[in-house]
Structures are given as structure tokens and as C-alpha cells.
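Given the sequences, and given the hints that come with them, work out the whole structure.
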Amino acid sequence: MSLDLKIDDLEVRAASGRVLLSVPRLSVAAGMCLGVKGPSGAGKSTFLFSLAGLGANSSGAIAWGGTDLMVLSPEARAKFRRHHIGMVFQDFLLFEELSAAANAALPGAYSRRARQAVIARKAGDVLDRLGIAHGGRTVESFSGGERQRVAIARALAADPEIVLADEPTASLDRKTADRLIEDLVRMVREEGKTLIAVSHDPAVYTRMDRVIEIVDGAIVSDEVRDG
Amino acid sequence: MNPLAPLYRAIEWMPVLAQDITVLVVLVMPALIVGALVLVGFRPFPLVRAMLWRFRWTNALFVLLIAVSVGLGVGLIAQERGLRQGTARAADPFDLVISAPGSEITMMFAAVYLQPSDVPLLSGEIYDEVANAPDVTLAAPIAFGDSYVSSPVVGSTAQFVTHLSPDLAEGAMFADRLEAVIGSRVDLALGDSFTPAHGVGDAAEHDAHAHVEYVVSGRMQPTGSPWDRAIIVPVEAVWEIHGLANGHAPENADQLGPPFDPDYFPGTPAILVSAEQLYVNYALRAQFTTDRTMAFFPGTVLANLYSLMGDVRQVMSIMAVVTQILVTAGVLAGLVILTRLFARRLALLRALGAPGRFVFSVVWSYAATLIFSGAVLGVAIGYGAAALISRVVSAQTDILVTATLSWPEFHLVGAFVSLTVILALVPAFIALSRPVVTDLRS
Numbered sequence: 001m002s003l004d005l006k007i008d009d010l011e012v013r014a015a016s017g018r019v020l021l022s023v024p025r026l027s028v029a030a031g032m033c034l035g036v037k038g039p040s041g042a043g044k045s046t047f048l049f050s051l052a053g054l055g056a057n058s059s060g061a062i063a064w065g066g067t068d069l070m071v072l073s074p075e076a077r078a079k080f081r082r083h084h085i086g087m088v089f090q091d092f093l094l095f096e097e098l099s100a101a102a103n104a105a106l107p108g109a110y111s112r113r114a115r116q117a118v119i120a121r122k123a124g125d126v127l128d129r130l131g132i133a134h135g136g137r138t139v140e141s142f143s144g145g146e147r148q149r150v151a152i153a154r155a156l157a158a159d160p161e162i163v164l165a166d167e168p169t170a171s172l173d174r175k176t177a178d179r180l181i182e183d184l185v186r187m188v189r190e191e192g193k194t195l196i197a198v199s200h201d202p203a204v205y206t207r208m209d210r211v212i213e214i215v216d217g218a219i220v221s222d223e224v225r226d227g
Numbered sequence: 001m002n003p004l005a006p007l008y009r010a011i012e013w014m015p016v017l018a019q020d021i022t023v024l025v026v027l028v029m030p031a032l033i034v035g036a037l038v039l040v041g042f043r044p045f046p047l048v049r050a051m052l053w054r055f056r057w058t059n060a061l062f063v064l065l066i067a068v069s070v071g072l073g074v075g076l077i078a079q080e081r082g083l084r085q086g087t088a089r090a091a092d093p094f095d096l097v098i099s100a101p102g103s104e105i106t107m108m109f110a111a112v113y114l115q116p117s118d119v120p121l122l123s124g125e126i127y128d129e130v131a132n133a134p135d136v137t138l139a140a141p142i143a144f145g146d147s148y149v150s151s152p153v154v155g156s157t158a159q160f161v162t163h164l165s166p167d168l169a170e171g172a173m174f175a176d177r178l179e180a181v182i183g184s185r186v187d188l189a190l191g192d193s194f195t196p197a198h199g200v201g202d203a204a205e206h207d208a209h210a211h212v213e214y215v216v217s218g219r220m221q222p223t224g225s226p227w228d229r230a231i232i233v234p235v236e237a238v239w240e241i242h243g244l245a246n247g248h249a250p251e252n253a254d255q256l257g258p259p260f261d262p263d264y265f266p267g268t269p270a271i272l273v274s275a276e277q278l279y280v281n282y283a284l285r286a287q288f289t290t291d292r293t294m295a296f297f298p299g300t301v302l303a304n305l306y307s308l309m310g311d312v313r314q315v316m317s318i319m320a321v322v323t324q325i326l327v328t329a330g331v332l333a334g335l336v337i338l339t340r341l342f343a344r345r346l347a348l349l350r351a352l353g354a355p356g357r358f359v360f361s362v363v364w365s366y367a368a369t370l371i372f373s374g375a376v377l378g379v380a381i382g383y384g385a386a387a388l389i390s391r392v393v394s395a396q397t398d399i400l401v402t403a404t405l406s407w408p409e410f411h412l413v414g415a416f417v418s419l420t421v422i423l424a425l426v427p428a429f430i431a432l433s434r435p436v437v438t439d440l441r442s
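Going down the list, the protein sequences come from chains C and Y. Position one of the first sequence corresponds to residue 1 (UniProt numbering), numbered consecutively onward. Position one of the second sequence corresponds to residue 1 (UniProt numbering), numbered consecutively onward.
Everything labelled a hint here was simulated from the structure, so no lab data went into it. Think of the CB as a built atom: it goes at the ideal place given N, C-alpha and C, for glycine as much as any other residue. Each hint should be verified, as a subset may be incorrect.
What the hints assert, rightly or not - Part of the chain C face toward chain Y, derived, beta carbon under 10 Å:
no.: 1; residue: Ser45
no.: 2; residue: Ala56
no.: 3; residue: Arg77
no.: 4; residue: Ala78
no.: 5; residue: Lys79
no.: 6; residue: His84
no.: 7; residue: Leu93
no.: 8; residue: Leu94
no.: 9; residue: Ala102
no.: 10; residue: Leu106
no.: 11; residue: Arg113
no.: 12; residue: Ala114
no.: 13; residue: Arg115
no.: 14; residue: Ala155
no.: 15; residue: Pro160
no.: 16; residue: Arg210
Here it is, written out as C-alpha cells:
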């Protein structure tokens with residue numbers, strides 16, 4: 001299933017009515033790695049959450065492969081995320097008391113029984129590929145880099161077409177961050193997924209196919225990178 | 001009125017045990033149905049375990065609060081029933097008591113529970129009339145007023161001792177004026193001697209009978225009543241040491257026990273009467289309810305007392321219900337606050353696309369686990385508290401109070417669990433209404 005992204009006249013407002021984000025038009029081809037940069041408070045994360053159908057006070061259209069999230073009910077949006085979107089957060093957001101394997105296979109907890117085994121298998125496979133060999137241990141004892149790898153495994157476990165990453169390297173040291181973004185980009189490319197990563201980290205968007213810059217809630221540059 | 005009374009009436013054709021089980025099932029059924037509806041299709045337990053462990057001390061405190069509130073309810077019900085059963089058991093050997101007219105309750109406390117009271121005496125003619133009434137198998141004078149340390153010294157007959165304790169635990173029945181049979185909890189040994197005081201408690205005159213020394217000849221079996229602390233001596237001895245006739249004509253001066261000679265009978269505060277047939281007791285009560293005598297069944301007086309106290313119990317029950325409602329409201333507020341501790345994790349689940357019903361089931365299961373754990377612990381606390389209070393009450397009153405858990409307590413706990421588990425839907429709904437992005441960024 002090819003899930004190109006098409007945004008038309010997207011506007012996100014604060015409760016006060018102030019415009020937080022305005023994107024008149026944007027298209028992202030399926031399988032592309034898109035970096036989103038910009039200063040703090042520019043609206044990058046608001047943009048990312050809107051792409052997941054989590055934005056409030058929004059208008060316009062956000063269509064993934066013809067499915068406009070804006071016209072879906074909250075439960076239908078959740079179902080879309082469940083099947084098509086994996087998310088990675090800045091501070092991992094793991095269940096510290098669960099094992100790495102259980103965290104990675106979390107989407108299986110709320111999936112149909114038939115899919116649970118598939119998700120658990122995929123989660124284990126991704127953990128292996130990311131070098132997490134001790135999946136049975138609780139993540140309490142893990143380093144930041146290991147935790148973010150578990151979070152990536154969780155994002156990929158349900159085999160979504162889209163991965164949305166919010167500052168995935170912000171909580172990591174330079175060396176760990178470089179390795180992690182390398183692994184993330186490699187894996188989404190290998191599996192033909194779309195990656196949209198919001199980051200302040202040049203090491204992230206130098207690995208992207210395309211980088212947009214958001215300032216004061218508006219896209220001010222859109223650069224397609226070579227190679 | 002018992003709110004479960006209509007249900008019991010509807011199933012009164014069942015055996016008693018089946019009725020109690022059915023009521024419990026009916027009470028917990030709403031919780032089971034809600035649980036089944038919330039959990040169908042999901043297995044939230046690994047996440048619930050993680051949430052429980054994450055804030056384990058907070059959760060433990062919450063469970064303890066629920067347990068204490070449940071335990072108070074359980075303990076009070078068990079204790080009240082235990083006290084009722086204990087007082088009834090203590091009064092059981094006293095089929096019919098005849099005394100001078102006055103307050104039945106005062107006389108019952110004096111004759112059955114050995115609480116000191118100044119009461120008029122019955123004459124020898126009355127005693128003779130009672131003792132010789134048809135079908136009377138026992139007419140025992142009960143002459144109280146003396147004491148030794150904390151034990152009342154009561155004058156009566158060997159037949160009365162046998163009525164209270166058919167077999168002695170040790171020793172033998174008194175066979176001499178100055179022998180005594182002691183209750184099971186009296187701190188004397190066989191062969192010990194003691195001098196009684198005139199009166200009881202602080203007002204006792206310890207030197208009034210300094211010339212008298214009783215010797216312990218036997219010990220009764222435990223009766224679970226204040227008589228376990230009593231010392232029973234021949235009534236003749238009580239009369240004699242007070243300078244009165246001893247109940248027998250001079251030619252029978254050494255006789256112990258009935259028959260007594262009305263002309264030499266100094267009087268007794270009360271007579272315990274027993275007959276083979278129940279109807280005889282009723283006939284005797286009618287016969288001796290006169291302007292000179294009062295006849296009453298201690299069991300009936302107790303029942304009337306319970307009935308009177310029933311109003312108080314009803315007020316207490318209403319207060320208990322109000323307390324439970326307040327506790328339930330507290331539990332609810334606590335659950336809403338506890339759920340906020342997990343707001344970020346719940347937001348994560350929703351951001352990842354978990355169905356609302358799954359997130360709902362996580363929150364509800366978490367709350368239900370706390371409530372159920374608190375209720376189970378509460379039953380244990382209630383049982384322990386009731387047992388402890390029973391020991392204190394038994395030690396204070398000498399009435400054996402045995403508080404054990406029974407169906408009313410389980411019904412209370414079942415109703416509490418059912419109500420709170422249903423109300424736990426509220427924090428689950430509140431958790432679902434929280435803004436995902438705000439909680440993710442919190």
C-alpha cells in the first residue's frame with residue numbers, strides 16, 4: 001500500500017485562536033525520508049503530531065494515500081495510527097518495568113489475537129537487528145541509546161508504512177545519536193517506509209532525502225537533498 | 001430495614017446456605033458483568049502490573065486505606081453479632097428467673113451477668129411455692145452480694161452448679177458449708193482457701209467476714225459467661241455468715257441444699273427455675289407474675305433489649321452506609337488522582353493507536369485491582385480487629401465473645417467491591433477525555 005502524504009490548507013490554532021501552524025500545501029512521496037528542522041517553538045512537533053491525527057483545533061486536509069485524517073473520528077484515527085504509523089519520541093516513553101521485548105511488542109497488547117504473535121516476532125527481529133541482545137531484561141537498567149533502540153523497535157513492530165520521529169536523538173550523546181539515526185534510516189529504507197523526523201540535530205537531516213524548515217508555524221524552505 | 005430483605009424473601013424457598021451464596025453472587029454480579037464487558041478482547045494485565053509496580057508504595061497505601069475502611073465495616077458487623085451471641089449464650093442456662101418485682105433488665109444483669117445491684121429478697125414461702133410447683137426440676141436460690149478479689153461469691157445449691165457445669169473440670173462438688181466450687185477463670189487452685197468480702201468492688205468490706213475461710217473443692221467447666229469468674233458456695237454458708245438462719249430447721253442444721261424450710265429461709269434475691277417442658281416455664285411465668293413476684297425469661301428480656309437496640313443499630317447501619325459512601329467517594333477521587341500519575345503512559349498508548357477501549361480497560365483493571373486487593377485485605381483486617389476486640393470485651397465482661405466472619409460481612413464486602421468497581425468506570429472515562437498531546441509533552 002502506497003501512502004503518499006498530501007496536505008492542503010492545514011491550519012492548527014491554539015485554544016486562544018492564535019495560528020500555531022499553517023501549511024497551505026505539501027506532498028511527500030511514500031518511502032521518502034523527510035527531515036523537519038526549525039527553531040524551538042516554531043511548530044515542528046505540532047506539525048508531526050498533526051500528521052499522526054493527534055492535532056486539536058485543526059482545519060484543512062491531511063491525507064495519507066487518500067485517507068484524510070481530518071474527516072475521521074478519533075477512534076478511526078487511532079485505528080489508522082495502529083495500522084500505518086509508528087512513532088518515536090524524544091524521551092523514549094517506555095514502560096520501565098517491562099522487558100525490552102515486551103516494550104517493543106507493545107502494539108500487540110491491543111491488537112487482534114492473530115496479529116499478536118506476528119508483532120512479537122517482528123519486535124524481536126528488530127531488536128536483534130538493532131543489537132539489543134538482552135530483550136528479556138527490564139529497560140530500567142538500559143542506557144539512553146538502548147532505550148531509544150527499544151522505542152524504534154516498538155515503532156516498527158506493527159510493520160507500519162510511516163514512521164514519525166520527534167527529536168529521536170535529542171536525549172543521546174553524539175556518538176550514540178549518530179549510530180542510532182544511522183540504524184533508523186537504514187532500517188526504514190530497507191523496508192521502504194516513509195520517515196518523517198523532527199530534529200534540531202544536523203546529523204539527522206543530513207541523512208534525509210528532503211528537509212523542510214518551519215519558522216513561526218510556516219514552512220520557509222523545502223530542500224531536496226542529493227543522493 | 002435490611003435492603004437485602006426483598007431478595008431474601010424471593011429466594012426463601014432455598015436452603016439457607018444457598019440463599020447466602022445467591023445473595024453474594026447477586027451483589028457481585030454487576031462488577032463481574034462490567035469487568036467482562038470492559039475486558040472482552042483485551043489482555044491489559046502486563047501493563048496493569050507495570051503500573052502497579054511503578055508506584056508501588058502509593059498503590060500500597062491506597063490499598064491499605066481501602067482495607068482499613070472495609071475492615072472497620074467487617075469488624076463492626078462481626079463484633080456486634082459476636083456480642084449478641086455471647087450474651088445470649090451466657091443467658092442460655094437461665095430458663096426462668098423469679099425475683100421481687102422491679103426492673104427485669106436490672107435483675108437480669110444481677111442474676112445472669114452478675115452485675116451487682118441491691119434488690120429486695122424473696123421470702124421462704126415464695127421459694128417453697130416455686131420449688132413445689134408441678135414439673136419444676138430445679139429451683140435454685142441465687143444469693144449474691146459477697147466477693148473475693150474480682151470474683152463474685154454467690155450462694156446457691158449443688159444442683160445449680162451441676163446445671164451450669166454438668167461435669168466439673170476438676171475436684172468435687174462442695175460437701176461442706178465452707179467449701180466452694182469456682183468458675184473456670186477464677187485464679188485459685190483446688191485446696192486454696194480464701195476469705196470473702198462483704199459487697200463487691202470498691203465498696204467491699206474486706207474485714208466483714210474475716211472469721212470465714214472457704215476452701216476450694218472443685219472447678220467448673222468453662223461456660224463462656226460471667227459465671228466463669230464466679231465462686232459458688234452453699235447458700236446456707238452465705239446466710240450463716242450474715243448472721244441469718246441457714247434455711248433448715250435446727251434438727252436439720254447440717255443439711256446442704258433443698259428442701260429448705262420456709263420458716264428458716266432468710267430470703268434470696270432471685271430463684272433460677274428450670275422445668276423439663278417449655279410450656280411449664282410459661283405456666284410458671286404466668287403463675288409467678290404477681291404483685292409479690294416477678295418472673296421473666298432472660299432470653300426474652302435480651303430479645304427485647306436487642307429490639308430496642310435495633311433502632312440504635314439501624315442508625316449505626318445508616319452511619320456505616322454513609323461512611324462507606326464517603327469512603328467510596330474518597331476511593332473515586334483517589335483513583336482519579338492516581339490515574340493522573342499515569343497520564344503520560346496512557347497518552348502514549350493512545351498516540352500509538354491503542355483503541356480507546358483498551359486504554360479504558362487498562363485504567364479500569366488497575367483501579368479494580370486496587371479495590372479488590374483492598375477489600376480482601378480489609379476482610380483480613382476486619383477479622384483480626386474483631387478477634388482482638390472480642391478478647392478485650394471478653395476480658396472486660398467475662399462474656400465469651402467469639403467474632404467470626406459470616407455471610408453479612410461477605411455481603412457487605414461484595415456490595416462495596418461491586419459499587420466501587422462500577423464507579424471505577426468514572427476515572428477510566430476521565431482518563432480517556434484527557435488531551436493526548438498535552439499529556440505526551442507533560
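With chain Y as the partner, please determine if Ala114/C meets the hint condition of a C-beta pair closer than 10 Å.
-> 12 Å, violated
Holds or violated: is there a CB of chain Y closer than 10 Å to the CB of Ser45/C?
-> 8 Å, holds
Closer than 10 Å between Cβ atoms is the bar; does Ala78/C clear it against chain Y? Give me holds or violated.
-> 5 Å, holds
Can the hint on Arg113/C be confirmed by a CB-to-CB distance to chain Y that is less than 10 Å?
-> Because about 9 Å separates Arg113/C from the closest Cβ in chain Y, which is inside the 10 Å limit, the hint holds.
Does Ala155/C pass the interface check with chain Y, least Cβ-Cβ distance below 10 Å?
-> Holds, because the Cβ-Cβ distance from Ala155/C to chain Y comes to roughly 8 Å (cut-off 10 Å).
Measuring from the C-beta of Lys79/C to each C-beta in chain Y, is the shortest one below 10 Å?
-> 7 Å, holds
Please verify that hint: Ala56/C, Cβ, nearest Cβ of chain Y, below 10 Å or not.
-> 7 Å, holds
Should the hint that Arg77/C touches chain Y count as held when the rule is a Cβ pair under 10 Å?
-> Check passed: Cβ of Arg77/C comes within 8 Å of chain Y, closer than 10 Å.
Verify the interface restraint on Leu94/C: the C-beta must sit less than 10 Å from at least one C-beta of chain Y.
-> 9 Å, holds
Can we keep the Ala102/C interface hint, with Cβ of chain Y closer than 10 Å?
-> At about 6 Å, which falls below the 10 Å cut-off, the nearest Cβ of chain Y leaves the hint on Ala102/C intact, so it holds.
Mind checking the CB of Leu93/C against every CB in chain Y and telling me if the closest is under 10 Å?
-> 5 Å, holds
Close enough to count: is the Cβ of Arg210/C nearer than 10 Å to one in chain Y?
-> Not OK, violated: Arg210/C not within 10 Å of chain Y, min 24 Å.
Violation of the numbered hints given earlier is confined to hints 12, 13 and 16; the remaining hints are satisfied by the structure.
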